[in-house]
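I would like the entire structure built from these sequences, with the hints used as guidance.
Heads up: the sequence lines are chains E and Y, in that order. Heads up: the first sequence at position 193 corresponds to 193 in this note's numbering, and the numbers run straight through without jumps. Just add 1000 to wherever you are in the second sequence, counting from 1, and you've got this note's numbering.
It cannot be assumed that every hint is accurate.
[Said to hold, decoys possible] Here are the simulated DMTMM-like pairs of lysine to aspartate or glutamate, each with C-alpha atoms no more than 25 Å apart in a straight line: (1) E:K440 x Y:D1191; (2) E:K235 x Y:E1002; (3) E:K254 x Y:E1047; (4) E:K293 x Y:E1269; (5) E:K253 x Y:D1243; (6) Y:K1009 x E:D209; (7) E:K440 x E:E333; (8) E:K357 x Y:D1067; (9) E:K430 x Y:D1191; (10) E:K440 x Y:E1047.
[To be verified] A few chain Y positions that, by computed beta-carbon distances, are all more than 12 Å from chain E: (11) G1012; (12) T1028; (13) G1077; (14) K1097; (15) S1127; (16) R1156; (17) Q1167; (18) T1172; (19) M1178; (20) Q1197; (21) A1297.
[Stated by the list, open to error] Listed next, the stretches of chain E that the computed footprint assigns to chain Y, with coverage defined by at least 3 CB atoms under 8 Å from CB atoms of chain Y: (22) 251–259; (23) 310–316.
Hints are computed from structural coordinates only; laboratory data are not their basis. Heads up, the beta-carbon is just placed ideally off N, CA and C, and yes, glycines get one too.
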Amino acid sequence: MALSGLDIYKLLPKTNCKQCGFATCLAFAMQLAKKTLTIEKCPFVSPEAKNTLEEQSLPAIKLITLGANQSKFEVGNETVLFRHEEKFRNPAGLGFIIDDSLADIQIKKRIEKIKQFSFERVGQLLEVNLIAVKQNSNTKRFLEASELVLNNTTLPIMLISDDPAALRQAAAVTAARRPLLYCATKDNLNQIAPIAKEFQLPVVVASQDINELAHLTKELSSLGIKDIILDTGVKDIGDKIWDLTQLRRQALKKSNRALGYPSLVIVDKTNPYDEAVEAAACIAKYAGIVLIKGIESWAVLSILTLRQNIYTDPQKPLQIEPKLYPIGKATKESPVLITTNFSLSYYTVLGEVEASKIPSYILSVDTEGMSVLTAWAAEKFNAESITKSLDRCGIKDIVDHKNLIIPGYVAILSGDLEEQSGFKVIVGPKEAAGIPAFLKNLN
Amino acid sequence: METQLVLEKWAGVISTLTIGADAKEGGTRANTVKIGGQKSLPLLFKEGDIPNPTAIAFEIWDVSPLDWPEELVAAYGKALDNPFDWADKCINEFKAKLLCVRMQGAHPDFGNKGPKEAAEFISILLSRVKVPLIIIGCGDDAKDNQILPACSESARNERCLIGCAVQENYKTLVASIMADGHNIIAESPIDINIAKQLNILISDMGLNLERIAINPTIGALGYGLEYAYSIMERARLAGLSGDKTLASPFICFAGQESWRAKEARISPEQGIIWEIITATSLMQAGADLLILRHPEAAKKVSEHIDILFKNKS
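Below you can see the structure in the form of structure tokens.
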């Protein structure tokens, strides 16, 4: 819970010394509450008050950066339980576990496949985030496998081992890339913590029990380790959803600092369908990092698409560049369909036009990302804006005909649009699903 | 200090809707399916009672579908040529406990069948299969106002779930459903205010709120799924907080939407996983009844539901 100006005032010296630049301590407290400046400006504040104030200015869920180079990613800093309350901020990292018992050639093949997982959807690039090397053999093999991953990908790395000595050696080899250590438990915390400390690495702390998890993070924190990720272990998906929800609530509703860290889930399913279903469920319900083993492209695409959906800002619809898009081998005779630059409108129309197999042009009008009816109501999708877009894209030199197809819901625009654009308006179907049948019957 | 769990207490409860009536209740169904009734946010079993698992209905049509992707057609094969064989296959081979029949043949572009034919079709279907039925119109308001009352009458006392009523066209359907003892699907275009308004309009006509399922009009994975997802979360929060006009179970046409996606045509696995993830993700937002198309998707979603609900009797 954020402190109010008055709460902060109670922590200040109340001497009105003006050294902070404000006339009174109360005025200074009000500025602190707005977070326009920091407590450093007060030379007389007590260390306890300073601690309290610094702590309350921290995010409820710590922002953790994983990896070190250009492919690093951030998780945490989430502020809501439901995306409609504001938005989910840092998309869950999707990682892949590679077992060190695989042969070199197999490891390399897997890495190559993982590196190719990059999909463009609705104008955004969807990418995977992490490779985890898991020890299953001796220390020598674990180190070899870690080096293979290190040398064959720039993706952030995670090291999974039950043996602290092996983990330390692998951490030393990969330290420059800031690998994520897995994991500290109540039994080995005293051995894992020094590794995280020595190499300044983020560490996963694991326990089946949330209460114990909180104790462990406090212990790590007191040892100076701040980059912590939480794991409640392998459980049924129902229990997992409960744990993830509870962790998010602890951080946001109770300001429980000991659990104010991102969470990690290792999906323990061998069937790729089951694995994708559980990964998607954990992404929808607050996981910061999700690890899978499968490398089926179709499964990865579905998980990444779900992540994109869940992490889309509900206040800012995805937009595409407003312009003329030729679809298929469009010619001077091809029909011209008009829609908005709201990504979902455009891509829905696109899908149907492609399904019709009739080469066409789609003109995406700049409606500031509003959908057809919303933009029409807001006067962003009218005869003027459509005519302007037609002129700008030079449609007159691109097609030989004088016909435009507009969405059925805005049939009312026909008269004005014909007058202003000089084109003949054909009213298309109300729903994009009707486009293939409509285009087939056009002539 | 021990960590105290954060538990939410809800004043409201989602209404329980039963589909199908057995002999004791004046119908002829062998089984019935209950949805809704929960006192908790979706899938948080430790917080409040979730008495009924998410239900799955197989979608069938009264005519052969013309535009279904190859993979989907392959899953049913020849059975698609005859709706009754299709229904049998769903039940016998794929263990469907609930069927959702779309009266597509009534659409002016799909055969333009009349109310008499529609009523006859439903009557034969009811004698051929013993599972409860969901009956969906063809999407043409004028035609649906003719055929759905005929279907409703033909299935009198079988307690079907029939739809979809929309804000501009609900009166005819509500009247039939009241007369014949069915439940209704109230469809709103990804809009929580219209969903609420329509529920009020329908209950004002005398149909109990407990006989309404909301169709929030979902988008598939990658095609606007997140809009319905958040509308459903908001409606569910309102329902649990005590707003009875939003405390209806959700019906989601996950099969229909996901097989329209471009991805459904990339590979069989891509299409199937698209339908699965669309369905299971909407369960996180409160889906109570999923209308699915591909048998493999239905199987996987069903397994997921079993794991989630295994500790429930």
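Verification of the supplied hints:
1. Taken as a hint, the K440 (chain E) and D1191 (chain Y) pair is broken in the structure, with Cα atoms around 32 Å apart against an allowance of 25 Å.
2. Restraint check for K235 (chain E) and E1002 (chain Y): satisfied, since their Cα atoms lie roughly 22 Å apart, inside the 25 Å limit.
3. A threshold of 25 Å between alpha carbons decides the hint, and for K254 (chain E) with E1047 (chain Y) the separation of about 17 Å falls inside it, so the pair holds.
4. For a cut-off of 25 Å, the pair hint linking K293 (chain E) to E1269 (chain Y) stands: about 17 Å separates their Cα positions.
5. Taken as a hint, the K253 (chain E) and D1243 (chain Y) pair is honoured in the structure, with Cα atoms around 23 Å apart against an allowance of 25 Å.
6. Between K1009 (chain Y) and D209 (chain E) the alpha-carbon distance is near 23 Å, which keeps this suggested pair within the 25 Å criterion.
7. At roughly 14 Å between alpha-carbon atoms, K440 (chain E) and E333 (chain E) fall within 25 Å of each other, so this suggested pair holds.
8. A C-alpha spacing of about 13 Å is found between K357 (chain E) and D1067 (chain Y), which places the hinted pair at or below 25 Å, so the restraint holds.
9. Straight-line distance between C-alpha atoms of K430 (chain E) and D1191 (chain Y) comes to about 18 Å, which keeps the hinted pair within the 25 Å bound.
10. A threshold of 25 Å between alpha carbons decides the hint, and for K440 (chain E) with E1047 (chain Y) the separation of about 54 Å lies outside it, so the pair is violated.
11. Against chain E, the non-interface label of G1012 (chain Y) holds: every CB pair exceeds 12 Å, the least being about 17 Å.
12. Every beta carbon of chain E lies more than 12 Å from that of T1028 (chain Y), the smallest distance being close to 35 Å; the non-interface claim holds.
13. No beta-carbon of chain E comes within 12 Å of the beta-carbon of G1077 (chain Y); the shortest separation is about 22 Å.
14. With a minimum CB-CB distance of about 20 Å to chain E, K1097 (chain Y) clears the 12 Å threshold, and the non-interface call stands.
15. With a least CB separation of 33 Å from chain E, S1127 (chain Y) remains clear of the 12 Å interface cut-off, as annotated.
16. At the 12 Å boundary, the C-beta of R1156 (chain Y) stays outside the reach of chain E, the nearest C-beta of that chain being 33 Å off.
17. Non-interface call for Q1167 (chain Y) relative to chain E: holds, since the shortest CB-CB distance, roughly 14 Å, exceeds 12 Å.
18. The beta carbon of T1172 (chain Y) is kept farther than 12 Å from every beta carbon of chain E, the shortest such distance being approximately 21 Å.
19. No beta-carbon of chain E comes within 12 Å of the beta-carbon of M1178 (chain Y); the shortest separation is about 30 Å.
20. Annotated as non-interface, Q1197 (chain Y) keeps its C-beta farther than 12 Å from every C-beta of chain E; the closest such distance is 17 Å.
21. With a minimum CB-CB distance of about 9 Å to chain E, A1297 (chain Y) fails to clear the 12 Å threshold, and the non-interface call is violated.
22. Remark: the stretch 251–259 of chain E is confirmed as covered by chain Y, as 5 of its residues place a Cβ nearer than 8 Å to a Cβ of that chain, reaching the required three.
23. Residue count for the stretch 310–316 of chain E with a Cβ under 8 Å from a Cβ of chain Y: 3. That meets the three needed, and the coverage hint holds.
Going down the numbered hints, you'll see the structure goes against 1, 10 and 21, while the others check out.
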